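Number of protein chains: 2
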Amino acid sequence: MSSTATPAYDELAGTHLRLHHLGHLQAMAGWDQAANMPPKGNDARAAALAEIAALLHRVGTDPSLGPRIAAAEAEPLGELQRANLREMRRGWLQATALPESLVQRRALATARCEHAWRRQRPANDWAGFVANFREVLAIGREQAALLAERSGTSRYEALMDLYEPGLRCATVDRVFGELRQWLPGRIRQVLQRQAQQPLVVAPQGPFPPAAQRALCERVMRLLGFDFEAGRLDVSTHPFCGGVPEDVRLTTRFQDDEFLVSLMGTVHETGHGRYEQNLPRELLGQPVALARSMAIHESQSLAFEMQLGAHPGFVALIAPLIAEAFGAQPAFEPANLQRLLTRVKPGPIRVDADEVSYPAHIMLRYEIERALIEGEIEPEDVPALWDARMMELLGVDTRGNFRDGPLQDVHWPEALFGYFPCYSLGAMYAAQWFAAMRRAQPELDARIGQGDLAPVFDWLRRNIWTQASRWTTDELALRASGEALNPAHFKAHLEARYLGG
Amino acid sequence: MSSTATPAYDELAGTHLRLHHLGHLQAMAGWDQAANMPPKGNDARAAALAEIAALLHRVGTDPSLGPRIAAAEAEPLGELQRANLREMRRGWLQATALPESLVQRRALATARCEHAWRRQRPANDWAGFVANFREVLAIGREQAALLAERSGTSRYEALMDLYEPGLRCATVDRVFGELRQWLPGRIRQVLQRQAQQPLVVAPQGPFPPAAQRALCERVMRLLGFDFEAGRLDVSTHPFCGGVPEDVRLTTRFQDDEFLVSLMGTVHETGHGRYEQNLPRELLGQPVALARSMAIHESQSLAFEMQLGAHPGFVALIAPLIAEAFGAQPAFEPANLQRLLTRVKPGPIRVDADEVSYPAHIMLRYEIERALIEGEIEPEDVPALWDARMMELLGVDTRGNFRDGPLQDVHWPEALFGYFPCYSLGAMYAAQWFAAMRRAQPELDARIGQGDLAPVFDWLRRNIWTQASRWTTDELALRASGEALNPAHFKAHLEARYLGG
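Chains as they are written, first to last, in the numbering used here: chain A, 1 to 500; chain B, 1 to 500.
Since the hints were made in silico from the structure, they are not lab data.
Label pairs and their in silico Cβ distance ranges:
1. G128/B - T465/A: 33 to 41 Å
2. E79/B - P209/A: 48 to 56 Å
3. E11/B - E375/A: 39 to 47 Å
Far from chain B by the CB rule (all over 12 Å, computed), these chain A residues:
4. T6
5. E73
6. W92
7. R174
8. Q194
9. Q197
10. A352
11. W458
12. P486
Now the stretches of chain A that chain B is said to cover, found in silico as 3 or more residues with beta-carbon under 8 Å:
13. 25–31
14. 47–57
In this text, all values refer to a predicted model and were calculated from it rather than measured experimentally.
A virtual CB, placed ideally from N, CA and C, is assigned to each residue, including glycine.
The following block holds chain A by itself, in its conformation from the complex (with noise of 0.2 Å):
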């Protein structure tokens, strides 16, 4: 079984492979969780993920590791057991920095924040929710620095490191710094423009909710979504969940909407082809596993944005609606375009256009930096966040906890860092269809004639099977021969918002 040359190499992929079955076990259970746990499951699952993690943790910090990792460096590894290497190296790095007491009281403190978050949200109880959120804070500091120490990086970009190797408050603080000079003038032209245009006309509900999930279903199967390795699924927030072997999407229904959560399906969608079209024959290794999560986004974003408002997707996509509820006038696929691509500055970051929503990133990453790096305290966040909300999108948030600073469960759950990953994937996914178009000219034809196999064509050749082979800057460099470059972002936003 185990290759005499690299005896040190084996016996790490085999704590890898023990590290992606327990890992297995805790993804479901997670899952499980927001698809169909009942309220009072709630303290045991939050002590079985909790052992598990700090189990997961001690595997991963294991004294023997450490040497073990220096004896495979000078073992004759070929090039993706060295990528390999790499990624195991920079994941031990990681787990060795934090003590598992640490571990523990984290998934204590969040699972707590998060499950009374819960109740708050809707109730705007913004003080009962400080109360919780000053240990989850005081935890996620905590991490930073241990984190920080290890990494010579500053406390919130070790944290943003976790999502997004690499990542560096200067890249992202000159990309946004860019994006905030046009991008409030942008979002007032395109809403001139659309002032004058035609009105949408809406369309009109009940949707019922079997429907909708058909319809979903349906969509998914033409975006290439694999049912016999993976489901749809309802929680109240929509995530990518499971396994690569199995993974496990999640939507929600209204009965008076159904666009939202059908381009929901369609963004969760391009995670979930991300994680189903990993390569298989090193799954279990942390070289197939997905990039990072800004990449993981420009998936989910060049389904949901780049090819879910295109024409022709919309073309594809107008008669199977009209199937699912009936014709109506709202379902012409013109109208259908003008609706997925609407600009309406509003306070809430899930439901925003694609114009708008840097803006809600820009204002969290500005926070959550602050809150992390010390400079500020959970009771300054509102006053923060309603200036910066009239600010970027001319939009009163004051008051409005619930559709505020309390709208998402990144912070409840301490996952502080994360945020820029959204924007970063709309710019990357922006680059990979410009690539997409230099490589195949006709492909806005093909998408035209239905035909979107050319998008995951190249998406499956240059980014999901190259999983963690490189690192970001390196993939992004072989599939569009350039690093992150946020000027592909602009150009799309100037052509269908304001093009001709």
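Add chain B to chain A, keeping to what the hints say.
Below, chain B alone, put in the same frame as chain A:
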């Protein structure tokens, strides 16, 4: 946190709490495998479940446990703690009797055999089954020999002990020996009697699964199932899974039939209420687990048979059935009652009525005991099966392996020693109702008024909250004034099927 007077006991309690948390993940992944998992997820799930099984075995056989149990025996423990220590010792003796390699071989062999069996059963492929089953049986015999060496019992007894601690063949032989004397005659009498009664009106389908599900959930609520701490889902083989804090029942629906699935749900609800009402203060410790599988089956059969075919209960659910599917003559309480108590010997155990059911168990007990003790080999099974089916139930099963020895999942899964629990459970259930009637002479009148609380109160007080505090014999004695007494089961059948 830890009382200084009982350090060894406290350490043990901590280990068992950890086992409880890890077992939670195992239980949920097992439930999900049956209720949700898409087919391509199976390999990854099997690997994850094998990993957690090996891990639980490793934690449960840690070399520190033996000395710690010995030390705890000498500590000043309360009565509940002492009962907990007794249960810890029992689990430790069983776990340490088996090497991890056997546990792993067993998991792999049963997974292979069970997986092939799913196709072999419909194909009536006994020879193909035997090819895999030989290995499963060899491992079962090996396990039995190791456990028997440890416990000083016979090999088959050592396996029964896993499900019903302390159960000996002498008891089963005595009980089944008595049964054998009166059961075939009683079956004939009941058949003659029912032949003279008015014809039973068959319900007319279709019965839409959504309506069936809603009906099942209404009846579960009526039976006190707490949906805040559990769910009902669909799987090929109905079962009660999950954990006490979050009970996952499953059922299955067919368009042309509803009563089997409804009563199956009533059965699983009995298991579910036992789990949901185990004592909370010691949850996670062995003493807080259900006493045994015979006692567990006594709860499911108390619900399905004792209560489920009680005229008062039937009158209660008859209008719910009519509401679910529209009124029909078949849904008249008197007719439903006849449907639920119709005796019709047939080849399939899970379809059997409560009068002929024990015959199925006696036959399996005789065969699997002889298999484990090495007195017969798999090729001897069909002839023995056919002979006993004819002798006990007058049913011809020759050549019909599919509805004969291939019908149960127990043997492919190496669950030797479980079968007796079903019939002992039916006997205990009759014994509980006899005790209830002695304690509350108005019991039947109350049930007749639609008041099920006296039943639940008695079970909660005498069985559910007692968990594993006592041995099975002590539990039965405290609850009903005597250890297992099959006379109550005989009296129950005579009263219900041959009485006035």
